[in-house]
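Dock chains B, C and D against chain A, hints included.
Chains as they are written, first to last, in the numbering used here: chain A, 1 to 363; chain B, 1 to 363; chain C, 1 to 363; chain D, 1 to 363.
Check each hint, because a few of them may be wrong.
[Stated by the list, open to error] On the chain B side, residues computed to face chain D include the following (Cβ under 10 angstroms):
(1) 20
(2) 30
(3) 32
Calculated directly from the structure, the hints in this document are not laboratory data. The beta carbon of each residue, even a glycine, is placed where N, CA and C say it ideally should be.
Protein chains: 4
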Amino acid sequence: MSSDFGKTLRVGVFGESHGVAIGVTVDGLPAGERIDMDELQAFLDRRRPGKNPLSTTRRETDVPEFLSGLRDGVTCGTPLCAVIHNSDHHSADYAELADKPRPSHADYTAWVKWRGQADMRGGGHFSGRLTAPLCVAGGIAGQILARRGVFVGAHLAAVGTEEDEIFPLHPTGELFRAVAAKPFPTLSDAAGERMQRVILDAREAQDSVGGIIECAAIGLPAGVGEPMFDGVENRLAAALFGIPAVKGVEFGAGFGSARLRGSENNDALRVENGRVVTETNRAGGILGGITNSMPLTLRVGIKPTPSIGQKQKTVSLSRMENTELTVHGRHDPCIAHRAVPVVEAVTACVLLDLLLEEHHGAF
Amino acid sequence: MSSDFGKTLRVGVFGESHGVAIGVTVDGLPAGERIDMDELQAFLDRRRPGKNPLSTTRRETDVPEFLSGLRDGVTCGTPLCAVIHNSDHHSADYAELADKPRPSHADYTAWVKWRGQADMRGGGHFSGRLTAPLCVAGGIAGQILARRGVFVGAHLAAVGTEEDEIFPLHPTGELFRAVAAKPFPTLSDAAGERMQRVILDAREAQDSVGGIIECAAIGLPAGVGEPMFDGVENRLAAALFGIPAVKGVEFGAGFGSARLRGSENNDALRVENGRVVTETNRAGGILGGITNSMPLTLRVGIKPTPSIGQKQKTVSLSRMENTELTVHGRHDPCIAHRAVPVVEAVTACVLLDLLLEEHHGAF
Amino acid sequence: MSSDFGKTLRVGVFGESHGVAIGVTVDGLPAGERIDMDELQAFLDRRRPGKNPLSTTRRETDVPEFLSGLRDGVTCGTPLCAVIHNSDHHSADYAELADKPRPSHADYTAWVKWRGQADMRGGGHFSGRLTAPLCVAGGIAGQILARRGVFVGAHLAAVGTEEDEIFPLHPTGELFRAVAAKPFPTLSDAAGERMQRVILDAREAQDSVGGIIECAAIGLPAGVGEPMFDGVENRLAAALFGIPAVKGVEFGAGFGSARLRGSENNDALRVENGRVVTETNRAGGILGGITNSMPLTLRVGIKPTPSIGQKQKTVSLSRMENTELTVHGRHDPCIAHRAVPVVEAVTACVLLDLLLEEHHGAF
Amino acid sequence: MSSDFGKTLRVGVFGESHGVAIGVTVDGLPAGERIDMDELQAFLDRRRPGKNPLSTTRRETDVPEFLSGLRDGVTCGTPLCAVIHNSDHHSADYAELADKPRPSHADYTAWVKWRGQADMRGGGHFSGRLTAPLCVAGGIAGQILARRGVFVGAHLAAVGTEEDEIFPLHPTGELFRAVAAKPFPTLSDAAGERMQRVILDAREAQDSVGGIIECAAIGLPAGVGEPMFDGVENRLAAALFGIPAVKGVEFGAGFGSARLRGSENNDALRVENGRVVTETNRAGGILGGITNSMPLTLRVGIKPTPSIGQKQKTVSLSRMENTELTVHGRHDPCIAHRAVPVVEAVTACVLLDLLLEEHHGAF
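Pulled out of the complex, with its shape left as it was, chain A reads as follows (with noise of 0.2 angstroms):
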């Protein structure tokens, strides 16, 4: 199974793009937790398109039913099935692409793997669109982390070459829901300013441009994770990693502690309230794969979208030969801002799962 992750939550998506249905199983949560349907579906819209220029105009009003899982709103303990019905797809966009792979999509990749029989339409499972069902049981995650202190927030920090402040050595549960409410997932709003100008610019340029998002996680209790290879470390990587376009993952200050020399890198520790902190949290959060109980922070690397409106090289697999392609249709000029919440979402997911294997009687 390719599809899911997690080991004790196991979340796993499946959906084409321009299929009949997209959607998510999630088999391992508690019984007995409530879900807030309306704080689900805010979640959902931070990342809608539709909305404005920034994003494709694909629009798609992606309301979850759940089909098994929840009674009166309410988890039963065994596994929950959410789908969200495709509506608006354009297919007649996609009728040339079935030969041209599109430079830098996963169009050839499946084309090799599949033998020329997968579903493409749209980018098919491989389309950003499979990030809407991961939210629903992200959303979930977070609702039930929440109600145990546990908070996972996010925001843009680069496009492009503009930067958006960093995360504070204590971030709050006020400061996550502050970014989450806001149009655009920045801390300082002249930064978020700027990055628009980005996007704005590449889309009238028929290009389009990446970014970077900075996550982080409170509220966690030390000792979470297992060493080496099932670790907080490897179990996030692992799964963000299938959220399309992400290149790059690190923690703490991540390939920035290779610059460093470890009397700068190290966090001194220091007893506070009773508690072993750290003065620093270029760990982020994490030492040997085990959480310390600092903050866990993460960085994720998004690659521009690979649909753009120029004209590019690619070849025709039927001919193998080369050959040009404009890609048509509607694109998002960038998607890292709206790969915001699926950070998030997927962050929750995983540290659900952690935290139900390690505390499974006491979370």
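Showing chains B, C and D alone in chain A's frame:
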């Protein structure tokens, strides 16, 4: 199980730095593969410490004893177990550390997780020493891959702010072997000299320094990897974050692609000798989690060794109060250069796992 | 994730008996496989209730809707999701049962596990109704296997103390189809008549009765399965015990071989038409967890339906005192005959999983 | 990975019968557990051969060496590795067998699977000898379970057609210890005498005989296990079929329940001392895959040892023609009695795994 990874090929390490032995089990190797023991030992020697002032003076011969899975040097198909006995450990150096966690080490998180029961002498199970058995597995995997035309190589891309050249668009097996044969694994000898100077400077300052490793694999067919959460990136990242001190993983242009526009980042497709190739390789050979037959490229960020000779702030766990610590013993001023074969080893194991899974019969 | 099984082919079911819908996700199907929908529906109809007095009168059309993974009836390689909407449920019948667990049902254990939050109306997620989506997956797996010369068949070997004949040493696909076409799935029609009498007698007595199913698979190559804990027996047993009411699984001569001497139980080897075969098949086609190319044979013991019309002793969970219970509603006096295609379905899924894993390229 | 099982507690065995050593890795043990080495050795001695004419004369001391995971006899939380060196093997006995597969052994299937590369001397990795490291893991698991009030016991329920008594409705830890202390593990000494006679008769006839083991576990809380495919039955069956020669597994009344009516098979519920219990236990303590706090009971069918002294029909693999074979060497006329602690060991490992998973914090 947290100390293993892989699915069809499963690699698990065990042992503590100052215990009886460390070792590795490898389950799922194809039968009938002759292992060249000299080549394997040469591979292991690349990460072995004690050769020069660039690393710890702990001397270990690191010669594995094979307990199972091999008969007359040929794999049997059954689980292989290799053991490396510990010899040159100075446990006395670690008495103070049982109560005073070293900053940015796993000491504190392991103490919380196992309620003080972990054998953390020398870093215990979290020690970089555990990468020796990983290299046994990876060295074997590398030989099996090479026999099928798949080659994995790596070099030290940066130490502190000093940078090496980058791999060419199409690195070759010869290039990989040439770098592996060098005493210091850089493409540019001049860059290597500068990096060694940085390491020795850090050593003199009783400090340490981090680095970045670039790794590549050539000869992979297109179509390897599964979509979303079980792709090549997901699997490699999950395993690579198991190497101690790794804080970031990126593929192809990685975080750099976030700075680019789509027109700059997209890899144009072209037919060359009847095969589909790309003119650039910012995707790092992977699209949608699936290989496209271009070289797979990745970079790993390694933090500076947290053990430094300078006095540091920490806490006494028994008295829950602030204190100071000076770490004695023998430590690496940098582990990034020794981690180069480890990154190769883990990459080779993951790729062999994927190839066995995808092409079981044919591979 | 507990409601799924498989490794390369992963089958997961979801839904509650009286919820919105039940369904199945199947991840890992090969691409390009045309599904014969009529054949699939015919397979599903074999387990469908409401056809005669031998089963519950609950009427369900059990027509799956495919949400993903299929395009124009051909598999895409991406996860398939099929949903069956619930219609004819009488939830009012279950009001009393929320407090009074039915003896030998999962009512009490689910109540403990999920602290009373499970939706146990109609048995909830534990209902035999969940075997309908299993049959969707198994029917598809069976078609894919048949295309490669692997056929799975089963018959009702016993109901109460009445026994059917056993499969011949070399059952054929024709034999499998002939049994599947019968209204009551026995090899001997006379035995079938006697068994039906036993079921109807139990029904008249407001009681129920158990049975045994024999299942076989032909056309498997030798060498499928892994040693020790991941062999054909391990995988099949783990999955078969997921079918509600299964209390025993045995392969080949099974428990009977415990009564025999080695000279009686050993299967003599012989060369026949250039292939190695055995003269008898007490091993059930599996030695050391690995297939030997002889027919795979297994038997599954099914307990009598715990829902019976007679008054039974139980407890009130709210008052923690003894009480009595008369289960109303519509129940199967025997489920063993309806479970025949379910055993085939699960067996087909496990075998396809194993074959995809072992012979990915060639299969 | 095929030679391991478990999820939170992962047990993997390695080694070949005539290789350097056999061993086991156990990952996921709780930290801080003192292992009583005398008790462990006594447990291992129960399966050790060479004690009397009821088993093979191969003499092995079977004393494990612990390489990791233990410090001063206390678990560290890190992976434990224990090794048993092979000593008394007569590989010369096996020369002929490389070409002539022994009937009903894994010789032929291993030959196909690994193209003749497996080291099958003494049965190789399929040898019953691999159950020694399983008992190391199970003995440790048993001590940890006992400390929490969970006890596992087993007895030889049948050899050939001779039967022992069955466990009472509520077996006790004392009863388990009493049976374990007997030289021949039956409840009834008279039955034990008859069974030993059956074994010695088989031995005199250069033959062998099979048997049945009944195993029980007491002290389990209700609510352990997951629905459908990850329940207690699924996990136990999957692991138990990994014991060489096991051909059937049943829980509670098992196949016998197929003969009964619901009114006979259902276990009436009753409140006793404020706890919900059942008056009978045909469910074997498991409903819907989940424990109900009644004793867990299961039975395992063991086939007769395939190695017998009589001349048997087989084939020459090199010449692909029929031939005959007389197996020399030292063999067990019955392995069922030696398998009693092995069934206990596997059951203990699976139960500890489940309990760690369900009650991580509290357990």
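>> Is the interface hint satisfied for residue 20 (chain B)? The criterion is a beta-carbon contact with chain D at less than 10 angstroms.
In response: 5 angstroms, holds
> Under the criterion of a CB-CB separation shorter than 10 angstroms, is residue 32 (chain B) in contact with chain D as hinted?
Replying inline: Holds - the Cβ of residue 32 (chain B) comes within 10 angstroms of chain D, reaching about 4 angstroms at its closest.
> Taking 10 angstroms as the limit, does the beta-carbon of residue 30 (chain B) come near enough to a beta-carbon in chain D?
Replying inline: Holds, because the Cβ-Cβ distance from residue 30 (chain B) to chain D comes to roughly 8 angstroms (cut-off 10 angstroms).
Every hint, counting from the list given before, is met by this structure.
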